[in-house]
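Asker: Sequence:
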Amino acid sequence: MQAIIFCGIQGSGKSTFYKEHFFSTHLRLSLDLLRTRHREHLFLEACLRTRLRFVVDNTNPTLAERQVYITQARAAGYQVIGYFFETNVKEAISRNNTRSGRFKVPEKGVYGTLKRLQVPTMQEGFDALYKVHLLATGAYQVELMGDTPRV
1 MQAIIFCGIQ GSGKSTFYKE HFFSTHLRLS LDLLRTRHRE HLFLEACLRT RLRFVVDNTN
61 PTLAERQVYI TQARAAGYQV IGYFFETNVK EAISRNNTRS GRFKVPEKGV YGTLKRLQVP
121 TMQEGFDALY KVHLLATGAY QVELMGDTPR V
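Under the numbering used here, the residue at position 78 of the sequence shown is numbered 78, and the numbers go up by one with no gaps.
Worth double-checking, as some hints may not be accurate.
[Said to hold, decoys possible] Simulated crosslink set (EDC-like; lysine to aspartate or glutamate; CA at most 16 Å straight-line):
1. Lys104 with Glu91
2. Lys115 with Glu86
3. Lys115 with Asp127
4. Lys131 with Glu86
5. Lys104 with Glu20
6. Lys90 with Glu107
7. Lys19 with Asp32
8. Lys115 with Glu65
For the record, the hints were derived by calculation from the structure and aren't laboratory data.
When you get a sec, could you build the whole thing from the sequences and use the hints?
Answerer: Given below as structure tokens:
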């Protein structure tokens with residue numbers, strides 16, 4: 001059982017990374033799709049009860065926001081892995097500007113998330129933590145952050 005928690009500002013490549021790396025193996029929990037915390041909670045609860053692998057594809061900028069998922073997943077016996085999407089805010093805004101409709105975040109929203117962003121650490125309860133960079137080529141560079149994984 002594996003819980004993966006993404007962290008990063010809007011436009012940093014989280015959803016595309018999910019589609020390329022976890023679409024076939026993990027359920028995606030995303031406020032962009034579910035639209036309310038209540039629905040998200042119901043889906044999270046269903047994953048935990050049925051022991052389904054999942055990815056939390058939200059910005060999760062603060063320790064407190066990530067702890068909601070980490071605490072529940074660890075209590076249910078899940079391996080918890082974090083992915084921190086580090087990006088240049090101008091590049092993220094440029095990518096965000098290619099979106100349309102409700103998926104396009106106002107620029108002030110991106111800056112607001114950046115202002116609240118706390119870089120995740122292993123001490124939060126992750127078994128492994130990775131830093132992800134979206135390269136100009138569209139490929140991803142993934143590297144281990146901090147301590148050796150507890151996996």
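Asker: So, for every hint listed, does it hold in this structure?
Answerer: Against the structure, the hints:
no., hint, in the structure
1, Lys104 with Glu91, "holds, 14 Å"
2, Lys115 with Glu86, "holds, 14 Å"
3, Lys115 with Asp127, "violated, 26 Å"
4, Lys131 with Glu86, "holds, 7 Å"
5, Lys104 with Glu20, "violated, 21 Å"
6, Lys90 with Glu107, "holds, 10 Å"
7, Lys19 with Asp32, "holds, 14 Å"
8, Lys115 with Glu65, "holds, 15 Å"
In summary, the structure is inconsistent with hints 3 and 5 from the numbered list given earlier, while agreeing with the others.
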